[in-house]
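Chemist: Here are the chains, one letter per residue:
Number of protein chains: 4
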Amino acid sequence: MVLLARARALPAIGGRRLSTAASSPDGAIGFIGLGQMGHHMAKHLQSKSDAPFIVYDKSAEAVARFRAAAGRQVEAAGSPAELASRASVIVTVLPESAHVREAYTGSGGILEGIRRGALCIDSSTIDTSVSIDVSQQVIAAGAQAVDAPISGGIMGAQAATLTFMVGSQSAGDFERASAHLAKMGKNVVRCGGLGAGQAAKICNNMLLAISMIGTAEAMNLGMRLGLDPAVLASIINTSSGRCWASDTANPVPGVIPAAPSSKGYSGGFKARLMAKDLGLVASAAKDSRTPLLLGALADNIYRHVAQDPGMADQDFGVVYQWLAGGTAKRG
Amino acid sequence: MVLLARARALPAIGGRRLSTAASSPDGAIGFIGLGQMGHHMAKHLQSKSDAPFIVYDKSAEAVARFRAAAGRQVEAAGSPAELASRASVIVTVLPESAHVREAYTGSGGILEGIRRGALCIDSSTIDTSVSIDVSQQVIAAGAQAVDAPISGGIMGAQAATLTFMVGSQSAGDFERASAHLAKMGKNVVRCGGLGAGQAAKICNNMLLAISMIGTAEAMNLGMRLGLDPAVLASIINTSSGRCWASDTANPVPGVIPAAPSSKGYSGGFKARLMAKDLGLVASAAKDSRTPLLLGALADNIYRHVAQDPGMADQDFGVVYQWLAGGTAKRG
Amino acid sequence: MVLLARARALPAIGGRRLSTAASSPDGAIGFIGLGQMGHHMAKHLQSKSDAPFIVYDKSAEAVARFRAAAGRQVEAAGSPAELASRASVIVTVLPESAHVREAYTGSGGILEGIRRGALCIDSSTIDTSVSIDVSQQVIAAGAQAVDAPISGGIMGAQAATLTFMVGSQSAGDFERASAHLAKMGKNVVRCGGLGAGQAAKICNNMLLAISMIGTAEAMNLGMRLGLDPAVLASIINTSSGRCWASDTANPVPGVIPAAPSSKGYSGGFKARLMAKDLGLVASAAKDSRTPLLLGALADNIYRHVAQDPGMADQDFGVVYQWLAGGTAKRG
Amino acid sequence: MVLLARARALPAIGGRRLSTAASSPDGAIGFIGLGQMGHHMAKHLQSKSDAPFIVYDKSAEAVARFRAAAGRQVEAAGSPAELASRASVIVTVLPESAHVREAYTGSGGILEGIRRGALCIDSSTIDTSVSIDVSQQVIAAGAQAVDAPISGGIMGAQAATLTFMVGSQSAGDFERASAHLAKMGKNVVRCGGLGAGQAAKICNNMLLAISMIGTAEAMNLGMRLGLDPAVLASIINTSSGRCWASDTANPVPGVIPAAPSSKGYSGGFKARLMAKDLGLVASAAKDSRTPLLLGALADNIYRHVAQDPGMADQDFGVVYQWLAGGTAKRG
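Protein chains in written order, with full-length UniProt numbering: chain E, 1 to 331; chain W, 1 to 331; chain R, 1 to 331; chain A, 1 to 331.
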């Protein structure tokens, strides 16, 4: 895999860019995928754009719900191809590689209707190799493509505080995409060439999974040795063990009141979605022959946790309960 | 093991306590262990105390070096017992459990000379069970004991910015010890009852080891996928994967200029010392029947790294080179 | 993935089947892939068959070498399609999934020339999902397909003592393939429906990798505790720890004189090929959401070992040297 | 740790040695520890010996049960010391290191009563370092000591088919102990110097644990890929993946009718005892600085399994149920 070596970090998306967006030549905006994330993202994008807005989702109910929630007229397309034939910017937010491949290259897919010069922004988290392949097909069709997976969860989607990790062929493509992404989030970062957004996302999430299991192990060990969890967390959080999983999302109930663990492991990042992301890590590592010791174990631990029907849909901090021999309900 | 549940965090050691120290009834201070850490710690403690200062080290050279460096008269004892017979506060900073056991309970050890009411502060990082056992023997002899292992490294010892994690039988013992510890560091935290300092220290260090290996794996994977390491680190450091090992001690040379990795893995926390601390984790986990999946693997990875003569004495971030198939020299 | 549940083990391939083969309606035999394994296999198949024999390999040199070694006239085809157009039985022995996919479905591939009723036997070890997909395309073209990966190595190929693990749509397909496979090996086992041969092969090899690393760890630990390796091996081999990796291919040099470890780790199953097979395991496990703890670690350990240029092409028992901190050369 | 390098394997204990035993100068035999294993072992030893037989157990009930079951007069001692004062051979079969240390060196322990020239045979599985330390104290008291841990389980104890792995200072000590051990088992193997029996035992059991988890993973993966478990097991058992855990104690119910897994995981080696043995492995590895990757993970997996009250007392093959997401009850 060849990714562009050059990459540029944009720390904050300020007024200049929004004014660029205001003068943008981009016409109608198409949005495919109105699930939990997509619904909120599309609402922000639609409400902050003047352009016509067209949506598509396999679920008629999701489309109806979005049209009811939208502040103004929203058109619904009968297929990705139809949507693509009318839009100059297309955003896709879909669950897995297969859905992205189908939406772009399947029968009735985007490639059947795409207009020359259109921009496709895929904010799904999928296989890096699939992402690059689909983007290259879009480019071969005379359009532009960037991968822009998301960090920040449902709360970030609601509050438009998401971070987008972007891979693009050129700085110009990135600028063009940023104008739209800035309406749905607060950080838009260029990570490199095509696929670089996906690569950065999965590297971060692997480290997140490792940190979370590590925090769960450290807290569990300390508590079995007699330490008070709040005291232990306060020490770790001001020492060299500190990490987001400990100081913001500590998996022991009660240590951080705002963390999902303190709310019955609800409202966070689901264990089965972490397992899915780690599957992408495993594929990327296999293809690039990169040894991962803790990463591979973390992958398989979450695969094991996600087998438990009571834990799969809880926040991924529930690994603490798995480890401590408890159940999600005791959380 | 029963540790005191109650614990109190003291964010900063202010003037009140120093004045307490000034009016302290504590007489002569004894210091055992003038190695890399102990030398600097003893210098700070001696220079900020008015009491007579007595030292002991198995190495006559270490004693001579300290006496030469000390600003005023320092007495040298012929044995820990002799030192104990003349001191009302004793600080020990020794490499491993066996050394602590010998210094306290061996022939010519502290217990043979200890005075009633004396305070023993052990700042070694050792087996929690050995620490508790030795402390209880001190207490049985009519004296007081606290465990106070250190975080902060040689630079922290030089600058008197260490953190002390303290386990003590009572809040009073903690207050008495704090008066002295505050002269050698800037954070003194009560973690719980006897042994709690040791427990907190090893829990933190286990999470640190896991974070460091996880960061090395994430950076290595990202780089093999074509990402620029500085860009990847900047994304992780502002996302949910952030941790001390990534944002302060990133193991990829050049990412953080001040990190040991950027100086040939010198000046940091040696891989073989991390391996030693993880051995303490393994014992504590075994004794408390606590499952550690990533922790056990981290332990054995560092045991493997520490087998390599070229890596054992380098900063523990060198695990990145081990993983990437490089050598320390290529770092 | 749906595999046929019904499966039949054929302990030995006896005279009846060979006579079936003698009266077989199968005409010309095509053989694609004359590498280290294929060369020997093709020689046995050719010398024991009366039918015309056609070969194809991308390497003209490999074709020439085989024709020189063959006992009688052998035709060379210019492409897999040409070969397929003239053969009623086709055997493929190729390195990786991509090669199999290309040989069957690529331009000039088997599917372009295949005859109705022909039988394709793929003895490559590849992704189960690719294997099933290619077989189904063959079947859709009006021919038959079985997967028949091999166990037994180069020595087994030379001596015609290989084991074939076969997946087939029907018992009849299996019988037809067995007539030919029996000329190249001594065990032909039906494992289930399409893809079942691949599945069985990778499950066995995963357990083999785990056993080998486990044996290396147990021997290394015992030796560090002072045990004589020959004594330890003899105890394990008559106790509950016994396994092929210990009693036949013990990785400690000198313990089993005939093992590759006693010959400088030469003549065995290369570490990089084990790493490749474990990559197939990782994919199958990911796709079926099966947690593998030791299996995932074994995969990544071999990925790490295969990074070392000095170890990649040595017998996979070299993991003992990796673990013990030695190098292949010391073996 | 220094173990004797020289070691001798005795493949079978034949008539010569038994006749040696018959002419042995050894007088009264003492037996300490009449638990599940000890009860059966003591019965065989007593019934095949002419010498007076003295027993001790903390549990009066265990003593009474044994005396009722014994064929002839058995004396009960009030303490290990009393037993030792009357016996020339002492066999101990105790659960953990602490019990052995107490029985030998505690108040009222063997060392308080031991006779010069007596022989102590410890068949407990304990820490190698504790074993060597206790043996050396016995030897310092003018007696002899061997470590002789057992393989073979309760069924082996009942049938007198156990294997003894013996560590001894000299070949003569081994010969003397063999005369007695041969009455309780069928294989008596000298592994090396003091502690070598313990070392060999834990190395074997670590490899056994790794093989069992590996078999569970391979079977689980194969079944999820659609393979019939009996077919998969038959392939593995005739291929390079074969091991005792697969061909004799396969953890999938129904594959091996005589295996514990086919009887609800009853009648085998309990998961919590495997966890205990792996704890000994962890200590030995830590003390000898030996890296164990799969071994450390196996240790912690069994620690996790043993936390589950429903699995702790089942055969250690129950790890298959843990892995597959089932419960012991579904077994």
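If you're looking for bench data, these hints aren't it; they were derived computationally from the structure.
Warning: the hint list may mix true and false statements.
[Claimed, not checked] 30 Å max Cα-Cα, derived DSBU-like pairs, lysine-lysine:
1) A:Lys183 to A:Lys276
2) E:Lys186 to E:Lys58
3) R:Lys183 to R:Lys270
4) R:Lys276 to E:Lys276
5) A:Lys276 to W:Lys276
6) A:Lys48 to A:Lys58
[Unchecked claim] Computed Cβ-Cβ distance ranges for the label pairs, DEER-style:
7) A:Ala230 to R:Gly27: 55 to 65 Å
8) A:Ala230 to R:Gly172: 18 to 28 Å
9) A:Gly254 to E:Ala159: 51 to 61 Å
10) R:Thr105 to A:Ala230: 31 to 41 Å
Glycine residues also receive a C-beta, built at the ideal position from the N, C-alpha and C atoms.
Chemist: Hint by hint, note whether the structure agrees.
Modeler: Hint check results:
Proposed proximity of Lys183 (chain A) and Lys276 (chain A) is supported: the alpha carbons are some 27 Å apart, at most 30 Å. Pair hint Lys186 (chain E) plus Lys58 (chain E) holds up; C-alpha atoms about 29 Å apart against a cutoff of 30 Å. Pair hint Lys183 (chain R) plus Lys270 (chain R) holds up; C-alpha atoms about 26 Å apart against a cutoff of 30 Å. The suggested pairing of Lys276 (chain R) with Lys276 (chain E) holds, with an alpha-carbon distance near 23 Å, which does not exceed 30 Å.
As the CA atoms of Lys276 (chain A) and Lys276 (chain W) are separated by approximately 23 Å, the hinted pair is consistent with the 30 Å bound. A threshold of 30 Å between alpha carbons decides the hint, and for Lys48 (chain A) with Lys58 (chain A) the separation of about 25 Å falls inside it, so the pair holds. Remark: the range hint 55 to 65 Å for Ala230 (chain A) to Gly27 (chain R) is contradicted by a beta-carbon distance near 37 Å. Checked against the hint of 18 to 28 Å, the pair Ala230 (chain A) and Gly172 (chain R) passes, with Cβ atoms roughly 22 Å apart.
In this structure the supplied range 51 to 61 Å holds for Gly254 (chain A) paired with Ala159 (chain E), their Cβ-Cβ distance being about 54 Å. The supplied range of 31 to 41 Å is met by Thr105 (chain R) and Ala230 (chain A), whose beta-carbon atoms lie about 35 Å from each other.
Of the numbered hints listed earlier, the single one contradicted by the structure is hint 7.
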